Amino acid sequence: MRSNFLKYVAVVLLLAGAQQAQALGTTQGTNIANTATVDYAVGGVNQPDISSNTVSFLVDRRINLTVAEIGGTSTSVIPGSVGRVTTFTVSNSTNGVQDFRLEATNDTAGAGTAFGDTDNFDGANVRVFVDNGNGIYEPALDTATFIDELGADQTRTVFVLIDIPVSQINDDTAGVTLRAFAADSGTAAALGADATQTVGPDTPLFVGTVFGDTAGAPNTTGDAARDGSHSDDDEYDVVTAALTVIKSQTVISDPFNGAVDPKAIPGAVIEYCVDINNTGASQADAIVMTDAIPANTTYQAGTIRVGVAGVGTGCASGTGTAEDDDAAGGGDAGDYDVTTAGAVTVRGGNIAAAARYKAVFRVTVN
Amino acid sequence: MMNHTLRLFLVAGASLWLGAAHAAGGLQLSNEVFQEIQVPGADGKPERKSVPAAMVVPGTEVFYVITYRNTGDQPAEKIAITNPVPAELEYVAVLGPASANQVSVDGGKQYGALASLSVPDADGKPRAAQAADVTHVRWMLGTAVSPGDGGKVSFKARLK
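Those sequence lines, one after another, are chains A and B. Everything in the first sequence is counted per our numbering, starting at 155 for the first residue and increasing by one. Everything in the second sequence is counted per our numbering, starting at 2 for the first residue and increasing by one.
Errors might be hidden in some of the hints.
Each computed DMTMM-like pair below joins lysine to aspartate or glutamate, with the alpha-carbon atoms no more than 25 Å apart [as the list claims (entries may be wrong)]:
1) A:K401 - A:D486
2) B:K46 - A:D381
3) A:K417 - A:D445
4) B:K161 - A:D203
5) B:K79 - A:D193
6) B:K110 - A:D381
7) B:K161 - A:D338
8) B:K79 - A:D445
9) B:K161 - A:D381
Hints are computed from structural coordinates only; laboratory data are not their basis. Just so we're clear, the structure is a prediction, and the values are computed from it rather than from any experiment.
Okay, chain B solo, but in the shape it has when bound (with noise of 0.2 Å):
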């Protein structure tokens, strides 16, 4: 089940990055979406497996894969990637190492912890903010990214 998702990673990255050509010397992003999907696995156990979001109703999950990668010369610092929340989704949870993760419950003005951060509620006083306020997410990387080396961020976010 493993290899299934890394294998599907690599070669939907692969297309990506071909495609993805108009992006000037620097950094390079791409985003995909996934879904998870069951499958009968080779011992007619159900089998969980990634796919390219295709069949997505209301309630299903989702997960953005986005792929950056230096393809200049010289080491990029300070990279901030910023994927805003697409207005139909709900956020669910940043995957992976989220300690480089901030995220905005007002429209990208403000990024910090989720529990950090408060909303108003229906009278205006301030309330914790939750998953579901989540406008924008942003990842901070605080290592710098050499030459010809990038990385992955993800997110999962479910339809409303």
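Next comes chain A alone, as it looks inside the complex (with noise of 0.2 Å):
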């Protein structure tokens, strides 16, 4: 009867499998105890219940975090910022209270980055800081870099600083990666040791420790399932102004021929067209341009028009705004050798992403 008895145990147990709960369960260190009772007859006599011995194990700890990108967008930034914020969260999963230790990283050049870009720059000066419950970073408040005594099913939002090179231009990319390590709790207001899992055979009567957490994001490196950790990447855009400027000329008269297919003989008149193209995602604010009148040609006055129209790089003649050739007044978008001896200056204010602002001015041919 016995060996029957247990093949089938064997059996149903082969089936049955080991099956994975989600929910973060009964607390590490829970004594589970379980006594059995038998009541019987002995010739038709109840008997006094006998009572089993009490069995007894203590739950074990296993170690679950998930640490993940929040708001689901890289974050844009300018060339030469400082402090730049990406956010995540660290959610402990494990059965019971953890500290967490937190590593913040540039990513590898050349990687994908965490909304289908390239990363190619690195983020300087790059830290961790863990919020204050308020989901918004604060400087003055949010100065802890580990997470403290983290509660089953609790989560911390965590910060991730860089600062942005000056020497980035637009659409470069830089990926960041946090990675938050399981540490032991126990000790408030101090990091404890990163966790480690129990190796060898468990006792019953000892809080072993499994490590339960998943790989990380696909664009992270080096974390992988069950080591006790967990990463997620984001990503920072340099999003900035990219101007070109394209001067063209063109005769407008000359003293033989007058405007009719006029030369660039001395005593002609040119008309120089200055255009500024922002080709970059962001706009470029309080433009000057600065112009030197050519060698051996004479600036004519009060030619200066700013806010040209015209096709392409091109400027439309007499559009625009005309300028007196002075820097005073408000307004005053143009000056002649004012600001700057012998050049022409516009001040061309904010040029918007994707537009152009123009300007022309003439000069005769000494």
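Mind docking these for me? Both chains are given alone in their own frames, and the hints should help you get the complex.
Written out as structure tokens, the structure reads:
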């Protein structure tokens, strides 16, 4: 009878297999005790109940954590900006309280990034700070660099900060990865040692540790499943203005032909057209264009026009706003020989992304 | 594999009988808890093995094996073995011949086949009981156990 029973037990267990529960479950260290009792009769007379021994085991620690990028979009940055923030959450799915060590790194150049671009620069001064609970990065308040005593099923927001080198240009991309390592809890305001898995057989009355975490985001490296850590990546995109300046010239008249097929002979009037094109993704602010009058020509007074229309890089003569040559008066957008000696200066204000700004002025050939 | 399981049961059982000397003459009852782990077999393939429950995390299934033995000199009749399911565990199933098995979903007041029991739902209306509702497991042995004889009953539960 016994062997039949055991065979049955074994078959059932094989079929059942090990089940993975997603719930956080019973807290590590909980003692699970069980006692059976038997009631029976002898010779028709009921006998006192008999209790079995109490069999016990302690619930072990299953470490599980999730790092997740927050916001679902990259962070737009401009060159030279400092302390630019990407936001993550670290969730403790361990069946107990854990500390978490945090590590933020630049992704490898050429690696794919979180939002489909390719990493081509590294942020400087990479830092990690833990949120104080309101989800907003506040330099004076969010100063912790590790997560302290995070309860089961609790989540903490974490900020990664980098500085953007001033040399970066529009469309540059930096990927960053936040990796959190489960660390032992127990001492408030102190980061415990990284958690380790129990090696070899466990014993019933020892709280062993198993890692149950998954591998990190596809773009992260070095973070395997069941290694006691988890990671996710985020992305910084450089969004800035990109200006091109193209200058063209048109002969307006000469002393002999007048305005009909004029030639660039001494005494001819030349109109220069300066086209400033913002091909970037961000507005360019406070544009100032300076153009020295070429040698052997003489600036023709009162010919600066700003905000000129025109197709492509060209300027439509006579459009835009005429400017006097001084720099006086509110809103004066152009001058000659005032801001810079011997040069025309045009203050173009702000040029929106994918917009142009044009100005013209005239000289005579000496 | 079968041999592993069998041997383990026998060894563990023997040691527990030694430790259960406090039980009076008549029936002796011992309780053990096991879990299944996967180990590399002799051929390199993973093999399942039953070991005393030690590495148990939420979701792990354990099985309790309750061994009874008649150490008296008279046959024991009307044997009813009762085992409460620990609160942190969720009952899964009885292992072995289950015909004499009953469960309770109300803390041991009433017993019956799981399919015949109901529990109040959130609105207080009865709904069919499920394995997770089980609070106690009971085995009613139909036949007397002669002196020196014994047997085992077992159930499986999962750590919440």
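- prompt: Among all the numbered hints in the text so far, which are the ones the structure does not match?
  reply: Of the numbered hints, 4, 6 and 8 do not hold.
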